[in-house]
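Enquirer: Listed here are the chains, written in short residue letters.
2 protein chains.
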Amino acid sequence: MRQDANRVRIFDTTLRDGEQSPGISLNRPEKVEIAGQLARLGVDVIEAGFPIASPGDFEAVEAIAREVHGPVICGLARTGVADIDAAWNAVKDSERPRIHTFISTSDIHIEHQLRTTRDDVKGQARAAVAHARGYCEDVEFSPMDATRADIEFTAEVVAIALEEGATTINVPDTVGYSMPGEYAAMFEQLQRLVPGLAEVTTSVHCHDDLGLAVANSFSGLGAGCRQVECAINGLGERAGNASLEEIVMLLRVREAEHGFWTGVHTEEIARTSRLVSRLTGYSVQPNKAIVGRNAFAHESGIHQDGVLKERSTYEIMDATTIGLEQSSIVLGKHSGRHALRKALEELGFEVDGAALNTAFKRFKDVADRKKTVTALDLEAIVSDEMRQSVSAYELESFDIEAGSDRVPFARARVRLPSGDTGTGSFTGDGPVEALFSALNAATGQEGRLKEYHVSAVTAGRDALAEVTVLVELGGVSAQGQGVSPDTMEASGRAYLRAIANARSTTPRSTWPPENPTQAGAGTEFEEAPAS
Amino acid sequence: MRQDANRVRIFDTTLRDGEQSPGISLNRPEKVEIAGQLARLGVDVIEAGFPIASPGDFEAVEAIAREVHGPVICGLARTGVADIDAAWNAVKDSERPRIHTFISTSDIHIEHQLRTTRDDVKGQARAAVAHARGYCEDVEFSPMDATRADIEFTAEVVAIALEEGATTINVPDTVGYSMPGEYAAMFEQLQRLVPGLAEVTTSVHCHDDLGLAVANSFSGLGAGCRQVECAINGLGERAGNASLEEIVMLLRVREAEHGFWTGVHTEEIARTSRLVSRLTGYSVQPNKAIVGRNAFAHESGIHQDGVLKERSTYEIMDATTIGLEQSSIVLGKHSGRHALRKALEELGFEVDGAALNTAFKRFKDVADRKKTVTALDLEAIVSDEMRQSVSAYELESFDIEAGSDRVPFARARVRLPSGDTGTGSFTGDGPVEALFSALNAATGQEGRLKEYHVSAVTAGRDALAEVTVLVELGGVSAQGQGVSPDTMEASGRAYLRAIANARSTTPRSTWPPENPTQAGAGTEFEEAPAS
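Top to bottom, those sequences are chains A and B.
For the first sequence, position 503 (counting from the first letter as 1) is numbered 548 according to the numbering used here, and the numbering increases by one without interruption.
For the second sequence, position 253 (counting from the first letter as 1) is numbered 298 according to the numbering used here, and the numbering increases by one without interruption.
Derived from the structure by calculation, the hints contain no laboratory data.
All C-beta atoms, glycine included, are put in the ideal place defined by N, C-alpha and C.
Among these hints, one or two may not hold up.
Straight-line alpha carbon distances no greater than 30 Å define the calculated DSSO-like cross-link-like pairs of lysine-lysine that follow [said to hold, decoys possible]:
id: 1; chain 1: B; residue 1: Lys-406; chain 2: A; residue 2: Lys-416
id: 2; chain 1: A; residue 1: Lys-495; chain 2: B; residue 2: Lys-167
id: 3; chain 1: B; residue 1: Lys-354; chain 2: A; residue 2: Lys-354
id: 4; chain 1: B; residue 1: Lys-406; chain 2: A; residue 2: Lys-495
id: 5; chain 1: B; residue 1: Lys-378; chain 2: A; residue 2: Lys-495
id: 6; chain 1: B; residue 1: Lys-406; chain 2: A; residue 2: Lys-354
id: 7; chain 1: B; residue 1: Lys-495; chain 2: A; residue 2: Lys-495
id: 8; chain 1: A; residue 1: Lys-406; chain 2: B; residue 2: Lys-495
id: 9; chain 1: A; residue 1: Lys-416; chain 2: A; residue 2: Lys-406
id: 10; chain 1: B; residue 1: Lys-495; chain 2: A; residue 2: Lys-378
id: 11; chain 1: B; residue 1: Lys-354; chain 2: A; residue 2: Lys-495
id: 12; chain 1: B; residue 1: Lys-409; chain 2: A; residue 2: Lys-495
id: 13; chain 1: A; residue 1: Lys-354; chain 2: A; residue 2: Lys-378
id: 14; chain 1: B; residue 1: Lys-378; chain 2: B; residue 2: Lys-354
id: 15; chain 1: B; residue 1: Lys-137; chain 2: B; residue 2: Lys-167
If you want the footprint, here are the derived chain A segments under chain B, 3+ residues with CB under 8 Å [what the hints assert, rightly or not]:
id: 16; stretch: 199 to 213
id: 17; stretch: 289 to 298
id: 18; stretch: 327 to 336
id: 19; stretch: 350 to 356
id: 20; stretch: 485 to 498
id: 21; stretch: 523 to 537
Residues of chain B placed beyond 12 Å of chain A at every Cβ, according to the derived structure [claimed, not checked]:
id: 22; residue: Pro-74
id: 23; residue: Ala-127
id: 24; residue: Cys-181
id: 25; residue: Gly-381
id: 26; residue: Arg-407
So here's chain A without its partners, still in its complex pose:
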């Protein structure tokens, strides 16, 4: 019998802490698409971004607040008035808005990064929570770097946040330093020092620097926490946050023993993981738990032998539980607009009007070159179209000649943002390098390839190629993706999008803006997003 007291809230920070990873540059439609999928997945809270960071961040959070229904939509803010105003303005149209504000309580952060005093931190925390509560009934407060802080000082700050009306207290392990027993003990001590904690939701937020993010999160549940902050595919600063899919499946598979449960529809996990991997360009390693290519593979024949005799000999969960069963959708070149629309709906994409026309044109193009178009192909095509809408460059044509006995040559024609056509050609290195150099010449940009990844969307000779590149341009690294039956065409598209993404990305060294002085706080500071 499930107990309400053991219901764990899943707070997804893929679009905030995850999006802070180097090279990720999601545009607004992509963020809305991910948020929509997170809602289908059934997470309780979506941290949609950090609205003060840039107009683009603000608009993406605002669009998610307006268009995505179900979960609480949360915006992050430092303690300054301008941060909190921006967060509120971005989330206020949501059915269930939340403001999340934070400030460090560790001396190492207070002295070296904030360059202020403990008293000032207390004042800022009080003012921030009070200001946020003036707007919104749902306010979360985080004492950043708490696992390296003086627990008594953290307790004072948390008590202040509670006095001012914070409804969730999240205690992050910002630098991924804690160990399970230690992290649980910290919560137990905080509860002793701040009896009011029992009245609100306490939350864990763990980083994986020592490989303990999931275990630390789980130990926090044992100590009474009932919200887990986590991210799809374990994205996030450095080694990332706790993986949503791992903590959710740990709670599901071992529920009989620990009693915790969530509202997540686990059958959406695989699709969510693919969508996030594709749009962020962050690959998932084959041996990643739950969502890696091998997580459910029993290719080594003797394990197969065991699994054939009795599944549970080597399987503690079923691949269908996370949505890995084969979808039955198969389209071909005779499939019409209606069939496409129905298939897309089944996959969770709502496509209409002009978007449907574009998708249909693209689908026909692929179906002409490929016998069957599956659910996985459609996912890739739709994701690619989302990218297309913001690409400032378009690959009009290209030519490549190469071989072991001749000097590689590439020529490309590109439609530029101005509407003009740029052309470029390049001789030397290899053909892929030559193509990218020709694209540099055609666009007048000096992109530098850092990573290049090609994978097949499905098996078989006529599979769609999905290319991801990481390009550095003017000190900014940005990803680009492209999908096509022709790997070179997909490569060219991916490269042009990476260039466009790099040009539209604010270098992180100037991001976010300084926290403006807030009334009563009197200290200017720069600070990183909470943990």
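Dock chain B against the given chain A, drawing on the hints supplied.
Expert: Same frame as chain A, but now just chain B:
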């Protein structure tokens, strides 16, 4: 003050459990190279393979036992006489040989996979350990799937293994099912049931299916275990084993609090991770703890701001600790054989005679096309040469023509294992697909591309391209790698090697052979390697 009682032994199973991952096909020189690097890393035990599995496995373990000095060299064996004989014969020339034998104690395995009785399992365990001890003073025993077994029965079997002289008892969480508190409690209960356990080394072996492998391993140390079985990059069945680098750095970074320590030279971690990733073709995701591309990245400007003001604001360990500092080795086209040899030695490669000649030729070829050759380039070239020596096909020449307005065309000439030359050409799809189809035609094989990954060894336009492909051929998946300044040339080489690897790989469905009936046991069975 470090206490000897808190010294933790690191048992590396990259070459056994790791090598069981789908698509990995390491040849003998590659395995010896990895084992040599593990010795430089300072692991205590190398589980070098499963000698009964195939003649190739046997010979690789034997070569490692003869050539790699320092660590204990361990061979895996089921309980049968033939298994144990093979394991002993493979490791006996090592300075410090170990036999590791195992049998399941969970009813689910006993009933469904072994199809035998608890009494028979006891008899097999007794006979196996006794037989192994007849050869070797260092014998490890593992009750497979112990975390899902009746603890009292596991205790009986462990007591038998101890009676027969086992010197290490490893209790694996074969299916990655356990939770930290539970795993520790299991060891505590085993110790109560089997007092003799206090006299030997107890060991943890954890899988990461629920993201808890490192935490479970660590909890085992708290319960008295002093050996950790783990693998580089967390390789292994399904979601893999505990990552060696994560558990080692957890022990190092938090030593002041927990007191545990190892003999690992952490500065070798980054290089070991690169070598294993390159030779296995298993990429490491950017947000992987310790060895991921982002693990030490502070590209998001405000974290950078903090780190610039004071490193420890966002860093709990220094990148140099794991060997990520830039090596000072830089060679150019005027560097001679002596300089190359010295540079290779500094990198831990001992290259002489014919091998030095080959390496020098290859180095010159690269140096002619690339301004500077760095330590990372040399690592890639030497690894590529190791691959070369076993490739049954050689790319003699190729030609590619492609573009948006013409049908892609590729032609290739390949030296076949017979010494003859095969040629093939292909028109259609994209140029990469056309090249691989032409290589299929030239070799007469029907390879099917499943994954294709390209990365740059270093930054810059003239960087070496390193290509990894996963190809399926006749039901076998195999990896291949290639390195060249020209991506297409590297791709062609990688594809041919994958084809050769697939042809030389025994399909895992017939691997390993059935465990021959052993005297006194009377039951034929098939079983998977221990956990």
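Enquirer: Honestly, which of those hints from before does the structure not fit?
Expert: Violated hints (numbers, rising): 1, 2, 3, 6, 13, 14, 16; every other hint is consistent with the structure.
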